[in-house]
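Take a look at the letters that make up each chain.
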Amino acid sequence: MKLSVWTYEGPPHVGAMRVVTAMKDTHYVLHAPQGDTYADLLFTMIERKDARPPVTYTTFKARDLGSDTAELFKQSCKAAYDRFLPKALVVGASCTAELIQDDPGGLAEALDLPVPTIPLELPSYQRKENYGASETFYQIIKMLAKPAYKTDKVSCNILGPTALGFRHRDDVTEIERILLESGIDVNLIAPMGASPDDIAKKMGRAHFNVMLYPEIAETTCRFLEKEFGQPYTKNVPIGMGATTDFLSEVSDLSGLGKMNSDKTRLRADWWSRSIDSTYFTGKRVFIFGDATHVKTSARIAKEEMGFEVVGIGCYNREFARSIRSLGEDLGVAALVTEDYLEVEAAIQNLQPELILGTQMERHIGKRLGIPCAVISAPFHVQDHPARYSPQAGWEGANVIFDTWVHPLVMGLEEHLLHMFREDFEFNDRAGPSHLASHNNQPIVGREDNTNDQPKDFKTQGLVWEKDAELELKKIPFFVRGKARRNTENFAKEKGVSSISRETLYEAKAHYAR
Amino acid sequence: MNISSPLHAKSGCSDTPILKERGQNEVFCGLTGIIWLHRKIQDAFFLVVGSRTCAHLLQSAAGVMIFAEPRFGTAILEEKDLAGMADAQEELNSQVEKLLDRRPEIKQLFLVGSCPSEVIKLDLSRAAERLTLKYAPTVRVLSYSGSGIETTFTQGEDACLASMVKTLERTEASELVLVGALPDIVEDQFLDILKQLGIENVSTFPSRTKSTAPRVGENVKFILCQPFLGDTCEALQDRGASHITAPFPFGEEGTTLWLKAIAKAYNVDSSVFEKVTEAPRNRAKKALEGVSNKLSGRSVFFFPDSQLEIPLARFLVRECGMKALEVGSPYINKKIVMPDLEMLPEGPVISEGQDVDSQLDRCRKVKPDLTICGMGLANPLEAEGLATKWSIELVFSPVHGYEQAGDLAALFYRPIKRRELLKV
Ligand code: SF4
Ligand code: SF4
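So the protein sequences, as listed, match chains A and B. Heads up: the first sequence begins at 1 in the working numbering, then just goes up one per residue. Heads up: the second sequence begins at 1 in the working numbering, then just goes up one per residue.
Some clues are possibly wrong.
Stated by the list, open to error - Over the 10 Å line for every Cβ pair with chain B, so calculated as not near, a few chain A residues: (1) S4; (2) G306; (3) A346; (4) E506.
Unchecked claim - 30 Å max Cα-Cα, derived BS3-like pairs, lysine-lysine: (5) B/K121 - A/K2; (6) B/K40 - B/K210; (7) A/K78 - B/K275; (8) B/K286 - A/K482; (9) A/K474 - B/K275.
These aren't lab readings, by the way, just hints derived from the structure by calculation. Computed from a predicted structure; not experimentally measured. Ideal placement from N, C-alpha and C gives every residue a C-beta, glycine not left out.
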């Protein structure tokens, strides 16, 4: 038993959902209780997906246990096939169903459906989301991909992008563009956008594979190298240096020689050399996330921004060794943990000037008053932007430059802040001027602040009675200011000088629309 | 014992045959209740004994993680716990010990069962008894199930409150208890009105801390603030308290009838009742006026979620002039929602349970002007052209009582208004 408060990764079947949801014509029948359907909202809310994930949950209840959960699974599986007519069916169990041992794979096979069924055995009590995604992708490829003649022109597959991946949607576009500019056809992208048919017919035709996200695609890449003789790239093209290395790797694998990728759209290199960026020099950063994004970020931070990396870490143990050795190279301790409190303690201890992390570190940063930029999943709805914003490739380098710089105080402004340290409204706790109310106070306890009290409180000639004031404090802090203003305007309008609880509610009713 | 509602004539939807559905349920499990219960009960910690899925559910449903170290957590079962029972009980002991060392402000600890802990038959009630003995009198340890195989969404709160009933002290005194976790602001408004009505000794359940818990006995009456508290209701009745039945306090009408049922049980003079409620009633009516004409004539379809569906449909139909097409509820406890059912005019399909795909078919067919559903369904339905309101907001925001009547209607109007506003 391990006590967990916030987790970086979901259970392995959520990883399976990420793969299946990214694909076309594929459906997942998951033997699971009703509460597990929460996973749908990760996709429909965080990623704003406009369709339900292609997942059918059996939602067995206590009354079904022991009697006919297996039968229920078969019925759900059959009904899901009839309704959605997928070209391949993935079946598996969530943590609870794993305990009742109904064997979804065997049950699905017994239905004798006219499409391939791919059974998943994901050990829910040992492994996590990334493993689930990796294993699901591998099982799908192993079952469906067929050897094929290579394309006439040099081509590759891009492997690893899934639903709910950090900027996967845009990374794929950017890398595809770079490859096309370099004269290499993209044969197939998977799992994102691939159908079972594509995988069967096209996967084997590529000359080599691009392993975009090792967490998800490494197992599959190894398999394809062995079975289909497709070598794969090891450099993840996030950052300018990494993208250059990636291209030389591609050049070797394709035998095409010089790569002609159009670098004119890259601005981050000059932005970083320009004098305004001088103030980045030696800024102390702490980096935490999935191993791949941490590794690429560490290189960018050091070589492309001129920061000082003061600590790194990752939450996926599968990559612990590589993160530890990176830590040794950088001369810093490497933290490998899933415990968010440990990460918080490390940050508190190191007091970096910038955190590069996940949604969790964003919260740690908020609490400690340290700026943070998000570089890795898990992320929240605001880190899934509408605009094109890859991390990979040349445009990715531009995006990263902008994103990391955004929470920092800009060049000259920083000097002014130092000069006027003691100024009551212009001090270094006020934060960057381009960010609205960047409050260095910890969020906890915010509700008890009464700093939403207007300065001209007295001059308005209005008095808040005690009970009205108390009532006002019960209103959530983010609308409290508005409630106060409305009530005061209402009172002035009515010519009332003392605001009671009644007045507050009269005003509320008055403004209700 | 039941103190009957002011409504006697059977009418409305009380005899409408219920469409019972079995199939995929797209609803949270009872663990979700922890998200509001841990804010309400300020000296409690909720320790879920479950899997990574349970931890992930809590985190995803909470949506925001403003609390660095919230008063809930999940003891995640690992392979070695699944092997032998003795082991798991010991593991639990040591987790609890670590936790209470770290958080000395905790006075009540709930061990919350999940699907995995139930399937492996981990006996949390035994663990709770043992731990209570160990940590008494400082910390009281209770257990309940929030598992998805036993409970649906708000039933988690029911299970939690029901588990506390046995700990309530006995009293011979005449007292009134308001049952159900309400936002503080709403709770205080109700307490204030009851005080003005001259009703004394009123307490709330759950109380904000262990030391202010209500007492229970033959002279205690209670009223439910939420329709999903069936087990808690029975447990209180088993301890001699009597249940005041009433429609639920949504909207001006619902709130008035709810308060009236209490007033009647305490023989409050009707002139006093009129006098005390007049101003807030008028405010509620006024606030509703602005919104209800915008909702009037529009149709509404409820997917099952919190069991608030029937009372809310009653409010939307009677006070906002909407037309209910289907009112789905995960579970319908007629004993509790009968007053609301009787007042809900005939017409809508009343469904219980869920087969989500066929319900979606029904919904698409009738094309409601507004669909109330969970977050997993809302964006997909919007993309298909239906206006939606996510139901979880109805559980998380202050919507009961007079002063919130206008807000409640506005919640339903917002998605419609937005569609009218947008030119994209
Ligand atoms: S449905 Fe069961 S397994 Fe799933 S989150 Fe709820 S309690 Fe945990
Ligand atoms: S504060 Fe930000 S990161 Fe945290 S839950 Fe809200 S949107 Fe997500």
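- Query: Is the straight-line distance between the alpha-carbon of A/K474 and that of B/K275 30 Å or less?
  - Reply: Given that 30 Å is the threshold and the Cα spacing comes to 26 Å, the pair holds.
- Message: Hinted pair, alpha-carbon criterion (30 Å max): B/K40, B/K210. Please report holds or violated.
- Response: holds (11 Å)
- Mind verifying the non-interface call on A/A346? Its CB should be farther than 10 Å from each CB in chain B. holds (15 Å)
- For A/G306, is the shortest beta carbon distance to chain B beyond 10 Å? Fine: 32 Å to the nearest Cβ keeps A/G306 off the interface.
- Item | Reported absence of A/S4 from the contact zone with chain B (all CB gaps over 10 Å) | For A/S4, whose nearest Cβ neighbour in chain B is about 5 Å away, the distance does not exceed 10 Å, so it is violated.
- Item | Proposed proximity, A/K2 with B/K121 (alpha carbon, max 30 Å) | holds (19 Å)
- Restraint check for A/K78 with B/K275, where alpha carbons must lie at most 30 Å apart: At roughly 63 Å apart (the allowed maximum being 30 Å), B/K275 and A/K78 break the hint.
- Taking the shortest Cβ-to-Cβ distance between A/E506 and chain B, state whether it exceeds 10 Å. violated (7 Å)
- Are the Cα atoms of B/K286 and A/K482 separated by 30 Å or less? holds (20 Å)
The structure shown violates the earlier hints numbered 1, 4 and 7.
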